[in-house]
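There are 2 protein chains.
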Amino acid sequence: MPVDLQLSPKTKRAAGAPCCEPVVYPDVDREHALRMAEVAKALGDPIRLQLVDVLRRHAGKVCVCELVPLFDISQPTLSHHLKKLRDAGIVDSERQGLWAYYYVIPDALEELSAWLT
Amino acid sequence: MPVDLQLSPKTKRAAGAPCCEPVVYPDVDREHALRMAEVAKALGDPIRLQLVDVLRRHAGKVCVCELVPLFDISQPTLSHHLKKLRDAGIVDSERQGLWAYYYVIPDALEELSAWLT
DNA sequence: GCTGCAGATCGACGGGCATCAATCTATATA
DNA sequence: TATATAGATTGATGCCCGTCGATCTGCAGC
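Line by line, the protein sequences are chains A and B.
Under my numbering, read the first sequence as residues 3 to 119, first letter to last.
Under my numbering, read the second sequence as residues 3 to 119, first letter to last.
Heads up, some of the hints might be wrong.
[To be verified] Which chain B residues face chain A? A few, computed with CB under 8 Å, are given here: (1) Met38; (2) Gln52; (3) Gly91.
Treat the hints as calculated values from the structure; they're not laboratory data.
C-beta: ideal position from N, C-alpha, C; glycine also.
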């Protein structure tokens, strides 16, 4: 780094330096940050992350009745997690008679994935 | 998908089918899910996400005094967010006299990034 | 030693989250 | 029409989160 970190605070401030490094700025604007943080937040629960994992690796749409026995939580709680994922725009569902089929929306994770890479 | 979704519930159950599809299971075990969810949760706030963005694109270590003016939050709140990121194992810090320099831990985001891809 | 500064910690407040049992809604079977 | 079932919704509970002002902790300069 160009600026000598050994200089004392007073000396650097007297020299016109803001404090330490030249200038730093965020590349991701607030809107993108909000959107990606929303997705990350939805994935910030181990059960929801595993849910997305199951749905992603399963090509088609998966019935809720198959998801319930996979996790050690009640059916209302699972329904709550699925709603969280739906609200975040990660998954969507389809009714088929009594059953509900969930699937991951294509490219829903792409923005976050691209930023992380 | 192999199973006909048009079959009635009773018919399918009578045929021995659990309900809809063969069998579905999670590929990510609970431990990996816990770890990745912890990272995702830490990124689940727009300010923290932008913080990581700044630190990541800045090769060296960035002084806190440069981060404060970038966001419209108080200094204690910023310090709180940095602690959250540190607790999640995403960033680390280094003291240099009065200043604290933060940086992203190499490969801290790799597991989540790889899973998302 | 005293003063000033950068950054971390504390305490409080308002709001959101994960979870459950109980209930409701809509569909299928009889 | 009446009954049974899958899944969503509701209400309650206990906990965590983001935010702030105030305070504390070290380091630097005098």
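Okay, the hints, checked on the actual structure:
A distance limit of 8 Å between C-beta atoms decides the matter here; for Met38 (chain B) the minimum to chain A is near 6 Å, and the interface restraint holds. Proximity of Gln52 (chain B) to chain A holds as hinted, the smallest CB-CB distance being about 5 Å (cut-off 8 Å). Below 8 Å, beta-carbon pairs count as interface contacts, and Gly91 (chain B) has none with chain A, the closest being about 14 Å; its hint is therefore violated.
When held up to the earlier numbered hints, the structure conflicts with hint 3 and nothing else.
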